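Undergrad: Residues per chain, in single letters:
There are 2 protein chains.
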Amino acid sequence: MRNLDENTITDEAIRRLEGCKDARFKEILTSLTRHLHEFAREVKLTEAEWMQGLEYLTAVGKKCDDKRQEFILLSDTLGLSMLVVALNNAKPPGCTEATVFGPFHTDKASDFRNGDDLAQGASGEPAFVRGTVRGLDGKPVPGAVIDVWQADGDGIYDVQYTDKDGALFARGRLRSEADGRYWFRSILPEFYSIPTDGPVGDWIARAGRHPFRPAHLHFMIQAPGYERLITHVFRGDDKYLDSDAVFGVRSSLVSDWVRHEPGTAPDGTRMDKPYYTLDFDFVLAPAGK
Amino acid sequence: MRNLDENTITDEAIRRLEGCKDARFKEILTSLTRHLHEFAREVKLTEAEWMQGLEYLTAVGKKCDDKRQEFILLSDTLGLSMLVVALNNAKPPGCTEATVFGPFHTDKASDFRNGDDLAQGASGEPAFVRGTVRGLDGKPVPGAVIDVWQADGDGIYDVQYTDKDGALFARGRLRSEADGRYWFRSILPEFYSIPTDGPVGDWIARAGRHPFRPAHLHFMIQAPGYERLITHVFRGDDKYLDSDAVFGVRSSLVSDWVRHEPGTAPDGTRMDKPYYTLDFDFVLAPAGK
Numbered sequence: 342m343r344n345l346d347e348n349t350i351t352d353e354a355i356r357r358l359e360g361c362k363d364a365r366f367k368e369i370l371t372s373l374t375r376h377l378h379e380f381a382r383e384v385k386l387t388e389a390e391w392m393q394g395l396e397y398l399t400a401v402g403k404k405c406d407d408k409r410q411e412f413i414l415l416s417d418t419l420g421l422s423m424l425v426v427a428l429n430n431a432k433p434p435g436c437t438e439a440t441v442f443g444p445f446h447t448d449k450a451s452d453f454r455n456g457d458d459l460a461q462g463a464s465g466e467p468a469f470v471r472g473t474v475r476g477l478d479g480k481p482v483p484g485a486v487i488d489v490w491q492a493d494g495d496g497i498y499d500v501q502y503t504d505k506d507g508a509l510f511a512r513g514r515l516r517s518e519a520d521g522r523y524w525f526r527s528i529l530p531e532f533y534s535i536p537t538d539g540p541v542g543d544w545i546a547r548a549g550r551h552p553f554r555p556a557h558l559h560f561m562i563q564a565p566g567y568e569r570l571i572t573h574v575f576r577g578d579d580k581y582l583d584s585d586a587v588f589g590v591r592s593s594l595v596s597d598w599v600r601h602e603p604g605t606a607p608d609g610t611r612m613d614k615p616y617y618t619l620d621f622d623f624v625l626a627p628a629g630k
Numbered sequence: 342m343r344n345l346d347e348n349t350i351t352d353e354a355i356r357r358l359e360g361c362k363d364a365r366f367k368e369i370l371t372s373l374t375r376h377l378h379e380f381a382r383e384v385k386l387t388e389a390e391w392m393q394g395l396e397y398l399t400a401v402g403k404k405c406d407d408k409r410q411e412f413i414l415l416s417d418t419l420g421l422s423m424l425v426v427a428l429n430n431a432k433p434p435g436c437t438e439a440t441v442f443g444p445f446h447t448d449k450a451s452d453f454r455n456g457d458d459l460a461q462g463a464s465g466e467p468a469f470v471r472g473t474v475r476g477l478d479g480k481p482v483p484g485a486v487i488d489v490w491q492a493d494g495d496g497i498y499d500v501q502y503t504d505k506d507g508a509l510f511a512r513g514r515l516r517s518e519a520d521g522r523y524w525f526r527s528i529l530p531e532f533y534s535i536p537t538d539g540p541v542g543d544w545i546a547r548a549g550r551h552p553f554r555p556a557h558l559h560f561m562i563q564a565p566g567y568e569r570l571i572t573h574v575f576r577g578d579d580k581y582l583d584s585d586a587v588f589g590v591r592s593s594l595v596s597d598w599v600r601h602e603p604g605t606a607p608d609g610t611r612m613d614k615p616y617y618t619l620d621f622d623f624v625l626a627p628a629g630k
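Residue numbers (my numbering), protein chains in the order written: chain A, 342 to 630; chain B, 342 to 630.
It is possible that part of the hints are untrue.
The list makes no distinction among identical chains, and a pair is therefore deemed to hold if it is satisfied within one copy or across any two copies.
Unchecked claim - Derived pair list, reagent style PhoX-like, types lysine-lysine, alpha-carbon separation capped at 20 Å:
| hint | residue 1 | residue 2 |
| --- | --- | --- |
| 1 | Lys408 | Lys505 |
| 2 | Lys449 | Lys505 |
| 3 | Lys432 | Lys385 |
| 4 | Lys385 | Lys367 |
| 5 | Lys432 | Lys480 |
| 6 | Lys449 | Lys480 |
| 7 | Lys449 | Lys408 |
If you're looking for bench data, these hints aren't it; they were derived computationally from the structure.
All values derive from a computational prediction rather than experimental measurement.
Work the whole structure out from these sequences, hints included.
TA: What follows is the structure, given as structure tokens:
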């Protein structure tokens, strides 16, 4: 086909996929092409804007490395990540809801035992977290692998520091006990800003949006026979619960982190300064639903 | 807003732009968000596919450097580039049509005089190109800056070579004479493959598409009082005219490159092997239309 105009080019670009043997890939590319073209027509994208857009995407790619995934952050701030989470995590009533994965998980986290202090020296108010992992039938799930990660008291994740030789802190991997229980010490999460020193920071500033996420603790819980759960537990007193920069808040995931005066912590530790406790139970969906 | 689902999140993501003071940016982001979300819903994008997509875009960004713009190539192969060209280059009848810019232009090209050989040693059949630059009123345009660039006889652009110390060839910048005429020697363009050693090559292979572009010579022509023209001149005998990998062919830009037996070339050179000639006149649109 020659002489394609701004309308006829869409059908031709889609027709060119006719030799594609991967039906799902073809379906995705067909929809992507149609929406990408429709977007450009709808806003009457200029050549200068088109070039700016491509340069922007290039800069996002360049910002990515093994500790920073700026495209995930872009997806998060556009609401795409949470949309995909919602599309794929319609769990039966009673199950713990899912939310965004975020860009700060790492497989390199260490294994801990229940009761250990995951803070590993991270700044922040001491906090004791405990609960049970259960199935929808109420039965405890033993041996569930529980990945925990969070920002420190300054709102910064270990992997964001460039001056700490790559040390990991305020994260770790536990397993639930035979009765489904898990417990650990860490720090109270604080609200924080998503990284604004890259292209994503530029776009949300230009859009007049704030970059803050309400305080939360990340969990990823996996056990045979159950759907993997990726979620957060938020703090009920956070001012950003209704304007999370990545749209991830679920009411069912907002919980009380109870403040205690100095005294004896749940694990028997004598605390000479105030500390917090969180009780949160997880309910996993059965696999294969 | 909390508890956003895969449908309600779109309006909320758009509502968050309410503080944006740049009306055009807001308009673009609103449409982009709506179409991006609609795409994900329409294909029911899985979390694994979402991650693959982000990793793909990251790889595209990583492939870009000062001589390779993989995002332009991605846009070209999706038909977006030609769509944007068509949207922005509705010229008055009689003007030379525009087509895609492509990723291989460089501002570092040297200045030449009419009659010079731009090939500068590039492989390929010798060709002599000539014509006149005029306005829509038929009047010659003197002093128009004419940027010319093309792949060599092996279908490879100078900037693609990694073993030639960055030498430029088969490209250069001329100016039209007082009577609007331009002429130069170069090489006959050949069909070629877009670069397939990167993520763009991966997607078109998976889509079952070929990577070829019909043979062409690139022109960018600029003169005060006229719209900048970015275009190609194609060869009429090319088998890929109807399936250009970047959708750029216009019938009005397809021309005869006439083959001649050895003899005296248009510039008086004694040619002891066959050579080609192309006559092509350009008509520029008035600026500010």
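Undergrad: A separate judgement is required for each hint: does it hold in the structure or not?
TA: Evaluated hints:
For the identical chains of this complex, lysine 408 and lysine 505 are intra-copy neighbours only, at 14 Å inside a copy versus 36 Å across copies, given an alpha-carbon limit of 20 Å. Taking the closest pair of Cα atoms, lysine 449 and lysine 505 come within 20 Å of each other only inside a single copy of the chain (16 Å); across copies the shortest separation is 43 Å, beyond that limit. Within a single copy, lysine 432 and lysine 385 get their C-alpha atoms only as close as 41 Å, which misses the 20 Å cut-off; across copies the closest is 16 Å, which meets it. Taking the shortest Cα distances, lysine 385 and lysine 367 sit within 20 Å of each other only across copies (14 Å), while inside one copy they are farther apart (26 Å).
Taking identical chains as interchangeable, the C-alpha atoms of lysine 432 and lysine 480 lie at most 20 Å apart only when both belong to the same chain, with a minimum of 17 Å there against 71 Å between chains. Taking the shortest alpha-carbon separations for lysine 449 and lysine 480, neither the intra-copy value of 31 Å nor the inter-copy value of 70 Å comes in at or below 20 Å. For the homomeric pair lysine 449 and lysine 408, the shortest alpha-carbon distance inside one copy (11 Å) is at most 20 Å, but the shortest distance between copies (36 Å) is not.
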